[in-house]
Amino acid sequence: MIMERPLDALNNAKNKRVLLELKNGRQLVGVLKAFDIHINVVLEDAEELVNGEVKRKLNTLFIRGDTIILISPNSD
Amino acid sequence: MIMERPLDALNNAKNKRVLLELKNGRQLVGVLKAFDIHINVVLEDAEELVNGEVKRKLNTLFIRGDTIILISPNSD
Amino acid sequence: MIMERPLDALNNAKNKRVLLELKNGRQLVGVLKAFDIHINVVLEDAEELVNGEVKRKLNTLFIRGDTIILISPNSD
Amino acid sequence: MIMERPLDALNNAKNKRVLLELKNGRQLVGVLKAFDIHINVVLEDAEELVNGEVKRKLNTLFIRGDTIILISPNSD
Amino acid sequence: MIMERPLDALNNAKNKRVLLELKNGRQLVGVLKAFDIHINVVLEDAEELVNGEVKRKLNTLFIRGDTIILISPNSD
Amino acid sequence: MIMERPLDALNNAKNKRVLLELKNGRQLVGVLKAFDIHINVVLEDAEELVNGEVKRKLNTLFIRGDTIILISPNSD
Amino acid sequence: MIMERPLDALNNAKNKRVLLELKNGRQLVGVLKAFDIHINVVLEDAEELVNGEVKRKLNTLFIRGDTIILISPNSD
Numbered sequence: 059m060i061m062e063r064p065l066d067a068l069n070n071a072k073n074k075r076v077l078l079e080l081k082n083g084r085q086l087v088g089v090l091k092a093f094d095i096h097i098n099v100v101l102e103d104a105e106e107l108v109n110g111e112v113k114r115k116l117n118t119l120f121i122r123g124d125t126i127i128l129i130s131p132n133s134d
Numbered sequence: 059m060i061m062e063r064p065l066d067a068l069n070n071a072k073n074k075r076v077l078l079e080l081k082n083g084r085q086l087v088g089v090l091k092a093f094d095i096h097i098n099v100v101l102e103d104a105e106e107l108v109n110g111e112v113k114r115k116l117n118t119l120f121i122r123g124d125t126i127i128l129i130s131p132n133s134d
Numbered sequence: 059m060i061m062e063r064p065l066d067a068l069n070n071a072k073n074k075r076v077l078l079e080l081k082n083g084r085q086l087v088g089v090l091k092a093f094d095i096h097i098n099v100v101l102e103d104a105e106e107l108v109n110g111e112v113k114r115k116l117n118t119l120f121i122r123g124d125t126i127i128l129i130s131p132n133s134d
Numbered sequence: 059m060i061m062e063r064p065l066d067a068l069n070n071a072k073n074k075r076v077l078l079e080l081k082n083g084r085q086l087v088g089v090l091k092a093f094d095i096h097i098n099v100v101l102e103d104a105e106e107l108v109n110g111e112v113k114r115k116l117n118t119l120f121i122r123g124d125t126i127i128l129i130s131p132n133s134d
Numbered sequence: 059m060i061m062e063r064p065l066d067a068l069n070n071a072k073n074k075r076v077l078l079e080l081k082n083g084r085q086l087v088g089v090l091k092a093f094d095i096h097i098n099v100v101l102e103d104a105e106e107l108v109n110g111e112v113k114r115k116l117n118t119l120f121i122r123g124d125t126i127i128l129i130s131p132n133s134d
Numbered sequence: 059m060i061m062e063r064p065l066d067a068l069n070n071a072k073n074k075r076v077l078l079e080l081k082n083g084r085q086l087v088g089v090l091k092a093f094d095i096h097i098n099v100v101l102e103d104a105e106e107l108v109n110g111e112v113k114r115k116l117n118t119l120f121i122r123g124d125t126i127i128l129i130s131p132n133s134d
Numbered sequence: 059m060i061m062e063r064p065l066d067a068l069n070n071a072k073n074k075r076v077l078l079e080l081k082n083g084r085q086l087v088g089v090l091k092a093f094d095i096h097i098n099v100v101l102e103d104a105e106e107l108v109n110g111e112v113k114r115k116l117n118t119l120f121i122r123g124d125t126i127i128l129i130s131p132n133s134d
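Chains as they are written, first to last, in the working numbering: chain G, 59 to 134; chain C, 59 to 134; chain X, 59 to 134; chain P, 59 to 134; chain A, 59 to 134; chain H, 59 to 134; chain S, 59 to 134.
Since the hints were made in silico from the structure, they are not lab data.
Backbone N, C-alpha and C fix where the C-beta goes; we use that ideal spot for every residue, glycine too.
Watch out, some of these pointers could steer you wrong.
If the Cβ cut is set under 7 Å, some of the chain X residues that face chain C in the computed set are [as the list claims (entries may be wrong)]:
#1 L68
#2 I127
#3 L128
As a list, the in silico DMTMM-like pairs of lysine to aspartate or glutamate whose alpha-carbon atoms are at most 20 Å apart [stated by the list, open to error]:
#4 G:K113 to C:E111
#5 C:K72 to G:E102
#6 X:K115 to P:E111
#7 S:K72 to H:E62
#8 C:K74 to G:E111
#9 X:K74 to P:D66
#10 C:K81 to G:D66
#11 X:K72 to P:E111
#12 X:K81 to C:E106
#13 S:K81 to A:D66
#14 A:K72 to S:D66
#15 G:K72 to H:E102
#16 C:K74 to X:D66
#17 A:K81 to S:D124
#18 G:K81 to X:E105
#19 X:K72 to X:E111
#20 P:K81 to X:E105
#21 G:K81 to C:E111
#22 P:K72 to A:D124
#23 S:K74 to H:D103
#24 H:K74 to G:E62
Put together the whole structure using the sequences plus the hints.
What follows is the structure, encoded as structure tokens:
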């Protein structure tokens, strides 16, 4: 797995399930479909988690990069 | 549906109903008429939701991009 | 009404009454006289609203774009 | 009075008394002597108002643009 | 005293005592030695004020521009 | 160890364990795999610490630079 | 000591002990090893202070510029 720049880690996670944590404390999981240099992100099959439980399903989701704290690709 | 960059997801949602969540916790729904790279957005037939209920109708609405957390196109 | 970019919606609202909502929760109404790409805005015959009631009149008003959440042109 | 861009409103207010409201809730009045595209502003004969009363006099005052919500020229 | 742009006011205040107010509510006084377009500032013989009393002396002080609300040159 | 610019310190820490502190008060440790000029960072074998105890393991982690306060390379 | 621009003050402080105050209220002291135009800073032999007492030692420390309020070089 090649990773020289941080965005390479997002590229490696494309079409895989990722966990997003937002500045307002929310957690989202979904399949990473697209991202750009602002870390604007599109998830599919997205779900909002509260205490690890699915709170609601959101299908396709555009998330503005400046609200994101971290993105954690799953370990598969 | 082609989606290589995050803004493609917004382009695919043009003229469809979308849900917006703002940094101040508010939810808006409306027909996505326009957006730009700052994620400035124009909605038509916009409504503000509180607990899933329509609180007020706002017709055309310009929303400044830096107040937006996420945009969720409807799944149709 | 042509609208390809979000600022077109503001252009269509020029010289009409608009409602502004600011990040500090305040509401302003007035006639939209000018705006720029930062969404800096000038209103004339501006009034501050509290709970829908006019709290004070402010005549000409320059509002810095980064304090604005949304701009709602009236539907006439 | 010509006003095509928002900064024209500030240009029209030069050497006149203006009211500034800052993001921390403070109000300043003074004679507008200079401004730039960041909305950095210089006031002379500046006073800080609390509940409409003069709290202190500050003479010349440089105010950083990103702390400003609005600038209201007097209506003369 | 020439002042066409806001930074001219800071230039006129060079080597004079100024009052700085920061976004966290603190007040600093000191001799203005340098500034740049970001309003990064260097003070010498700097003191932090609390309720108008000197709380501590800080000698040379570099202050990052984005923490500054206003700079008030003394009126001499 | 050569260090002329701040990013040199991060370069020297590549492939070593580092401690990150975020603006929301959280602490993360992990192996620094990549960073860029925005201080976007990728950690591997990442763990979130609460009071010095491991709260959860997160494997690969992309962290947006603007949420980071400091990065402390270990002293080996 | 030459100082025409604010960064000259930081240049004069290189390899000397400095005090940093961060936006979250924390104080750090350490030897200034590097800085850049964003005021990203590297300290060595860094310590976090609470009420003037050393709370913990952190060795090398990269601090992101946008979290810094001020930098105070020691007066030697």
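(Q) Restraint: X:L128 near chain C, CB-CB cut 7 Å. Satisfied or not? (A) Holds, about 5 Å.
Q. Taking only the CA atoms, is the gap from P:K81 to X:E105 under or equal to 20 Å?
A. holds, 19 Å
**Q.** Hint consistency between G:K81 and C:E111 [alpha-carbon to alpha-carbon, up to 20 Å]
**A.** Violated, at roughly 26 Å.
Q) Does X:K81 pair with C:E106 here, judged by a C-alpha cut-off of 20 Å? A) holds, 16 Å
Q.
Run the distance test for A:K81 versus S:D124: straight-line Cα separation, threshold 20 Å.
A. Holds, because 13 Å separates the two Cα atoms, which is no more than 20 Å.
**Q.** Cut-off 7 Å, beta-carbon criterion: hint that X:I127 touches chain C
**A.** holds, 5 Å
Q) Given the hinted pair S:K81 and A:D66, is their alpha-carbon gap at most 20 Å? A) With Cα atoms ~28 Å apart, S:K81 and A:D66 exceed 20 Å; violated.
Q) Holds or violated: G:K113 with C:E111, Cα cutoff 20 Å? A) With a Cα-Cα distance of about 18 Å, the restraint between G:K113 and C:E111 holds, given a limit of 20 Å.
Q | Restraint outcome when X:L68 is required to lie within 7 Å of chain C by C-beta distance | A | The hint holds - X:L68 has a Cβ within 7 Å of chain C, the shortest such distance being about 6 Å.
Q) Holds or violated: P:K72 with A:D124, Cα cutoff 20 Å? A) Since the Cα atoms of P:K72 and A:D124 sit roughly 25 Å apart, the hinted pair is violated (cutoff 20 Å).
Q.
Hinted pair, alpha-carbon criterion (20 Å max): S:K74, H:D103. Please report holds or violated.
A. Not satisfied, since the Cα-Cα distance of roughly 35 Å exceeds 20 Å.
Q: Compare the distance between the alpha carbons of X:K72 and P:E111 with 20 Å, and conclude whether the hinted pair is satisfied.
A: Answer violated: X:K72 to P:E111 is near 36 Å, above 20 Å.
Hint check: violations occur at hints 8, 10, 11, 13, 18, 19, 21, 22, 23; the rest are consistent with the structure.
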